[in-house]
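Asks: This is what each chain is made of:
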Amino acid sequence: MRALRDAVFLSGIAAGGLLLSGCMTRIMDFTVLSTKSVDIPGKRGPRVTGEDVDPIIIFIPAGQPNVKTAVDNALEKGNGDVLLDAVIYNKFWWIPYVYGEAGFVVEGTVLDTRQASKQSQNVAAAGQARGGASAGSGSWAPAQKAPPQDSATPALSSYAPSSATPTVQAGPDAPKLLDVSHPGPLSLRQAEAELLP
Amino acid sequence: MRLAVLAAAAAMLCGCMARIADFTAVSTKNADIPGQRLPRVQGEDMSSIVLFFPTGQPNIKTAVDDALQKSGGDLLVDGVIYNKCWYIPLLFGQCGYVVEGTPIKLPASQRVQ
Numbered sequence: 001m002r003a004l005r006d007a008v009f010l011s012g013i014a015a016g017g018l019l020l021s022g023c024m025t026r027i028m029d030f031t032v033l034s035t036k037s038v039d040i041p042g043k044r045g046p047r048v049t050g051e052d053v054d055p056i057i058i059f060i061p062a063g064q065p066n067v068k069t070a071v072d073n074a075l076e077k078g079n080g081d082v083l084l085d086a087v088i089y090n091k092f093w094w095i096p097y098v099y100g101e102a103g104f105v106v107e108g109t110v111l112d113t114r115q116a117s118k119q120s121q122n123v124a125a126a127g128q129a130r131g132g133a134s135a136g137s138g139s140w141a142p143a144q145k146a147p148p149q150d151s152a153t154p155a156l157s158s159y160a161p162s163s164a165t166p167t168v169q170a171g172p173d174a175p176k177l178l179d180v181s182h183p184g185p186l187s188l189r190q191a192e193a194e195l196l197p
Numbered sequence: 001m002r003l004a005v006l007a008a009a010a011a012m013l014c015g016c017m018a019r020i021a022d023f024t025a026v027s028t029k030n031a032d033i034p035g036q037r038l039p040r041v042q043g044e045d046m047s048s049i050v051l052f053f054p055t056g057q058p059n060i061k062t063a064v065d066d067a068l069q070k071s072g073g074d075l076l077v078d079g080v081i082y083n084k085c086w087y088i089p090l091l092f093g094q095c096g097y098v099v100e101g102t103p104i105k106l107p108a109s110q111r112v113q
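Heads up: the sequence lines are chains F and Z, in that order.
Using my numbering, you'd call the opening residue of the first sequence number 1 and step up by one each time.
Using my numbering, you'd call the opening residue of the second sequence number 1 and step up by one each time.
Next comes chain Z alone, as it looks inside the complex (with noise of 0.2 angstroms):
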């Protein structure tokens, strides 16, 4: 009896690994990156839910794209990454995440084209 439990449980065993995300700097320390501050930004991503059904997949590396496009700057510093979501049942919603930071503009030659 025990060990058909237990050969059950090993049977419904379940587990994933799923990439989250990419990045080329991450940090959670005070480093020193040199180069131009500029103005705080926001950048977002975000998929609508069309009564029940979503209509995409949201990504924490789009939404970081989209605050270093919309300022212009190399890196995000002093950020924090959200997740949002709000949905009218069975009407419409959204959910995605938002990143919000500081950006940095590299001299030239710290950028690698």
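Bound-form chain F, shown alone (with noise of 0.2 angstroms):
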């Protein structure tokens, strides 16, 4: 009797091992994901809505919606990188064996991060260009190429700018941007007559 109860409770088991199921699918692919509340720096543009959407035909669907392309489509549709505040739908409705639509909605405020990065590398290059100026070189470099590494010039990353050096600061209040692409000592003056008070 004991031998058959173990005997239907061993094959319930293998039953269930053999019906068991399992899948891990991939939802969405994404280069910056938060839910905390955090200040991105960059230009804020309008609130703009994405969606991926695809036709149920009889009842046959038409494709696969994807988070991803939805996000994309309001990333195109603002002109930015990121989106804030952004809320996912799902979104579905179908007239039986007719026509219906499936897919998903993204809404969130557009913010376009490049402006920022592009204005604090065009500081930090103008930074530079000062640097190597006051370092008493005597010659103009270009503003992307490291100081020279020898005893009376210090490293490019131990570099520290003097007091009499004024610094420069990025953010809304920060001084008007040089053109550092502007190659010769033009740029060098341009940039003192530009950051010297």
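Hints may be right or wrong, so weigh each one.
To be verified - Examples of chain Z residues toward chain F, derived with CB under 10 angstroms:
#1 L3
#2 L6
#3 A8
#4 D22
#5 F23
#6 K29
#7 A31
#8 I33
#9 G101
These are calculated hints, taken from the structure and not from any lab test.
A virtual CB, placed ideally from N, CA and C, is assigned to each residue, including glycine.
Put the two chains together into one complex; each comes in its own frame, and the hints tell you how they fit.
Replies: In structure tokens:
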């Protein structure tokens, strides 16, 4: 009797194991995601909606909607690279055996971080150009180039501007950016004219 | 006859719009986020299925919160969201969401209290 009970139990477990089902599906890839209140530097744009909706013809879906495509569409519309305060909806409607639509809708405020990073790069390059000049090499060097590694000139990584050197700050009150792409000594003079009080 | 079919179809019309997740920031493009990169982390929100009763409603937002909580970061970059499910019929199972990404701790000035 006990052997029979054990056999039933074991076969039940075996059947359960055979019927075991599982899967892991990739829903979405993202480059930035947060649920916390964060202040990302950039230019805020309007609130936009992006969607990826596919039709259902009779009862056959004509595609596989995707959250990522909906986010891409929203960013494309707003010409930005991050959506702030975003909501993702799943949308569905269907007139049975006639027509319907299913997909994802994303709504959010567009933020353009590219402008902010471009500004900070320009300001950093301006700071480097000024740093190279105040190190006293006497000749102009491109802003992107590291200063020569001799004992008189400190390495770029360890360089700290002296109190006499004005510090360039990023942000809305930052001084007007200089054109570091301009070649020659004119660029340096331009920098001094614009950055020095 | 044709009208009756159309009327029946219209009567059976169904539709819905469900909120899947809210985020304070989301992107699929390469954005330049300043901050300290922390080790890659996984967060999940899983609910059990006992016999055939689900014991909860898993949520993507809770999975993201879990990942940020584990890492102490403010943002996740270069990440993936997975839907995970396994079930031994009429016994037990689990379903939910797994979020994996690289957390970023923003400078204190960029954290909104």
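Asks: Does each hint hold? Answer for all of them.
Replies: Each hint, compared with the structure:
1. L3: Violated - the Cβ of L3(Z) stays beyond 10 angstroms from chain F, reaching only about 14 angstroms at its closest.
2. L6: holds, 8 angstroms
3. A8: Holds - the Cβ of A8(Z) comes within 10 angstroms of chain F, reaching about 9 angstroms at its closest.
4. D22: Where the cut-off is 10 angstroms and the nearest Cβ of chain F is about 5 angstroms from D22(Z), the hint holds.
5. F23: holds, 5 angstroms
6. K29: holds, 4 angstroms
7. A31: For A31(Z), the interface hint holds, since the closest Cβ of chain F sits about 5 angstroms away, which is under 10 angstroms.
8. I33: Status holds, d = 6 angstroms.
9. G101: With a closest approach of 7 angstroms, the G101(Z) hint holds.
Of the numbered hints given earlier, the model fails hint 1 alone.
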